[in-house]
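In order, the protein sequence lines correspond to chains F and E.
Last residue of the first sequence: number 213 in our numbering, and the count goes up by one each step with no gaps.
Last residue of the second sequence: number 474 in our numbering, and the count goes up by one each step with no gaps.
No lab work stands behind these hints, which were simulated from the structure alone.
Quick caveat, the model's predicted, so the values are computed rather than measured.
A couple of the hints might just be wrong.
Stated by the list, open to error - Chain F residues, not near chain E, derived (Cβ > 12 Å throughout):
#	residue
1	Gly11
2	Trp50
3	Leu98
4	Phe107
5	Ile109
6	Tyr151
7	Gln165
8	Glu174
What the hints assert, rightly or not - Reference listing, derived: stretches of chain F covered by chain E, where coverage requires no fewer than 3 residues with Cβ under 8 Å from a Cβ of chain E:
#	stretch
9	58 to 72
10	136 to 148
11	167 to 173
Quick reminder that beta carbons are idealized off the backbone N, C-alpha and C, glycines included.
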Amino acid sequence: MPPLHDLLLLGVILTNFWVLGTTRLSATIRATAVQGLLLGMLPLALHPAWSLHTIGLGLGTILIKAMVIPMFLSRAIREASVRREIEPLIGFTASLCLGAVAVALSFGIAQRLPLPEANSGLVVPVALATVIVGLLVLTTRNKALTQVVGYLILENGIYVFGLSQVERVPFLVELGVLLDIFVGVFIMGIVVFHINREFDSIDSTRLTALRDE
Amino acid sequence: MTLFVLILLPAGAALLAYAQRSAPLRSVWLIGAAAVHLALVGRLWWHPAESALGGWLAVDALGMIVLTLVSVLFFLVALYAVEFLRSGTPRGGRGFVACLLGFLAAASLVALSHHLALLWVGMETTTLALAPLVYHRHDARSLEAVWKYLVLSSVGIGLALLGTFFLAASQTVGRPLVMEDLIAHAGSLQPGLLRGAFVFLLVGYGTKMGLAPLHAWKPDTYGEAPGLVGGLMAGALTSCAFLGLLRITQVSMAAGLAPFIQPLFLGFGILSLLVAAAFMIGQLDLKRLLAYSSVEHMGLLVLGLGLGGLGAYGSVLHAFNNGLTKGLMFLAVSNVAVATGSTQAGTARGLLRRLPVSGVLLLVGLFAVTGSPPFGLFVSEFTLLRAAIGGGHPWIAVSMVALLAIIFVGMARPLLGMLFDPETNPEPPVREPLLLVAGPVALAVVVLVLGVYIPGPLQRLLGQAARALGGLAP
Numbered sequence: 001m002p003p004l005h006d007l008l009l010l011g012v013i014l015t016n017f018w019v020l021g022t023t024r025l026s027a028t029i030r031a032t033a034v035q036g037l038l039l040g041m042l043p044l045a046l047h048p049a050w051s052l053h054t055i056g057l058g059l060g061t062i063l064i065k066a067m068v069i070p071m072f073l074s075r076a077i078r079e080a081s082v083r084r085e086i087e088p089l090i091g092f093t094a095s096l097c098l099g100a101v102a103v104a105l106s107f108g109i110a111q112r113l114p115l116p117e118a119n120s121g122l123v124v125p126v127a128l129a130t131v132i133v134g135l136l137v138l139t140t141r142n143k144a145l146t147q148v149v150g151y152l153i154l155e156n157g158i159y160v161f162g163l164s165q166v167e168r169v170p171f172l173v174e175l176g177v178l179l180d181i182f183v184g185v186f187i188m189g190i191v192v193f194h195i196n197r198e199f200d201s202i203d204s205t206r207l208t209a210l211r212d213e
Numbered sequence: 001m002t003l004f005v006l007i008l009l010p011a012g013a014a015l016l017a018y019a020q021r022s023a024p025l026r027s028v029w030l031i032g033a034a035a036v037h038l039a040l041v042g043r044l045w046w047h048p049a050e051s052a053l054g055g056w057l058a059v060d061a062l063g064m065i066v067l068t069l070v071s072v073l074f075f076l077v078a079l080y081a082v083e084f085l086r087s088g089t090p091r092g093g094r095g096f097v098a099c100l101l102g103f104l105a106a107a108s109l110v111a112l113s114h115h116l117a118l119l120w121v122g123m124e125t126t127t128l129a130l131a132p133l134v135y136h137r138h139d140a141r142s143l144e145a146v147w148k149y150l151v152l153s154s155v156g157i158g159l160a161l162l163g164t165f166f167l168a169a170s171q172t173v174g175r176p177l178v179m180e181d182l183i184a185h186a187g188s189l190q191p192g193l194l195r196g197a198f199v200f201l202l203v204g205y206g207t208k209m210g211l212a213p214l215h216a217w218k219p220d221t222y223g224e225a226p227g228l229v230g231g232l233m234a235g236a237l238t239s240c241a242f243l244g245l246l247r248i249t250q251v252s253m254a255a256g257l258a259p260f261i262q263p264l265f266l267g268f269g270i271l272s273l274l275v276a277a278a279f280m281i282g283q284l285d286l287k288r289l290l291a292y293s294s295v296e297h298m299g300l301l302v303l304g305l306g307l308g309g310l311g312a313y314g315s316v317l318h319a320f321n322n323g324l325t326k327g328l329m330f331l332a333v334s335n336v337a338v339a340t341g342s343t344q345a346g347t348a349r350g351l352l353r354r355l356p357v358s359g360v361l362l363l364v365g366l367f368a369v370t371g372s373p374p375f376g377l378f379v380s381e382f383t384l385l386r387a388a389i390g391g392g393h394p395w396i397a398v399s400m401v402a403l404l405a406i407i408f409v410g411m412a413r414p415l416l417g418m419l420f421d422p423e424t425n426p427e428p429p430v431r432e433p434l435l436l437v438a439g440p441v442a443l444a445v446v447v448l449v450l451g452v453y454i455p456g457p458l459q460r461l462l463g464q465a466a467r468a469l470g471g472l473a474p
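Given these sequences and hints, build the entire structure.
Structure below.
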């Protein structure tokens, strides 16, 4: 039986693939909620000597990433009444394959990165893979809402990396980071809502009025 | 204590302004907070404050230069905003004023942070505080602009956070991520991780500065945002992002990483100048033109860091001059937009006659922003040139001069046309409100003075800043 934190980290990878492989926006949001929940449990699993710091970080993460943000995004798609990502720039099979490449690449890079304090050998590769998947979703999907999810996944990857440094980054700062990400997603959500009203669609490909030849 | 007030006063004023339903009282909050902030910053020049929060908040030369720039610019923009919001704003100014003050609080946090994760929190907050202001007009074009701004800046700043964590991981002794300890124990930083940290922070904060090729959001955002917001972005926001880059430069130079970081800086610098020159030719919208001019100046800033030595001094001086000059230009262009409803070279004409004050300001600003004598930017650009020639980079000096000449032409052609071309149906000259011209006039005077004479205290501070970056003062 592998240790709990490794199971959680594998779960994070699986939720990445869930997002890459699904066409339904509601499923994408559900996947990020599950990922948020896993992330919230990670500090407690990685640092068995529970402290106010790890408990606070875990609870804050679950509250914001597994509950508030997914609820807010679900409301946004209800308002915009969109269900599916229809024509991504890269097909779903291809993006799943790219996701697999990202994971392999991340394990390769992580081997070269000497991180003495990581409690699990999986932290760094999973963090990097999640960052790459986030960038992939951001750049290959057309719906503004899916791009918000991509940004969220990117931030989740950075969060996983940050967990290897949890003793070094003070709680106050982590709270600030969480709050900033929440406000960022909140503003993006509002913009998505306005895009929908203005263009009758949340395709960010419609946003092409401004360019220099 | 002063340091806390500098951050918490504008933050508190932002909340009060948002709760305030009467527009004149909101303006009082805005001007009041900006004035007190400016006075406190002025006091810091003579009476240095003790560090606070266990060394997380402190004042040093680099932070002081950025803080002064932000405070001066913000005060003048605030004066402008009062009149701007009174005359024909499409929306109630509650959110507008609150966002402006929130930006001042966040920018002060960035300037005062000696803890790099805290600096990141401030930086992300500055991005978010200005986002609603880009969407001020509430139309399709500004919507597109704010979306690009939010997505690209957020991704950039996300990567900067990853870089910050890399830096924390590279540390073995000292308080984590506190500047003083990072520099004192720079030799013990793990070099592989430090390089990774530098690259991520360069890409992250470079996106926020708008270095080519990470500048895609810039022309759209500056083009669509109200002029005064563009001025804050091009003057203050980019300087905050540059400060983030200066912090990691300080650490990398102390760790002896100069051979790794300087070529990267030179590459980004020259590429930014190239992109700016290429896209300014044929550009007809004044605000977009200024956006590419901002790409150019950001390029010059990192070019100075890449040259090292005297270049570091030139770079910091250039940041100060550029911030003030961009404020001048954006406010003058904003007056054109207010009076004629357009900032396009084809539609707005005869400006020197129609806008007697702003027309002259634009003419002065044209020479100031392109680094012509006798303005401040000329002095700093000349310092950069000397650093390039003295440091054995003749080809950089040559390409810099050539690209700056192209940029001058790209900037001057549409602008001179707008100023001097006769209108098809001439309209009577506009009487410009005092508050709309006071700010840019003050900025024009300051950049002119800085081109002729740099006051002693500023000179000392610039010297300290250059030495902190491993460079030299003249």
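Now for the hints, and whether the structure bears them out:
Its beta-carbon lying about 21 Å from the closest one in chain E, F:Gly11 satisfies the requirement of being farther than 12 Å from that chain. No Cβ of chain E approaches the Cβ of F:Trp50 within 12 Å, the least distance being about 21 Å, so the stated non-interface status holds. With a least CB separation of 18 Å from chain E, F:Leu98 remains clear of the 12 Å interface cut-off, as annotated. Chain E leaves F:Phe107 outside its interface by the beta-carbon criterion, the shortest separation being 16 Å against a cut-off of 12 Å.
With a least beta-carbon separation of about 9 Å from chain E, F:Ile109 fails to lie farther than 12 Å from that chain, contradicting its non-interface assignment. With a least CB separation of 6 Å from chain E, F:Tyr151 falls inside the 12 Å interface cut-off, contrary to its annotation. Residue-level check failed: F:Gln165 sits 5 Å from the nearest beta carbon of chain E, not beyond 12 Å. The beta carbon of F:Glu174 is not kept farther than 12 Å from every beta carbon of chain E, the shortest such distance being approximately 8 Å.
Only when three residues or more bring their CB closer than 8 Å to a CB of chain E does the claim for the stretch 58 to 72 of chain F stand; here the count is 0, and the claim is violated. Counting residues of the stretch 136 to 148 of chain F whose CB lies closer than 8 Å to any CB of chain E gives 3, which reaches the minimum of 3, so the coverage claim holds. Requiring three or more residues with a Cβ within less than 8 Å of a Cβ of chain E, the coverage given for the stretch 167 to 173 of chain F holds, as 4 such residues are present.
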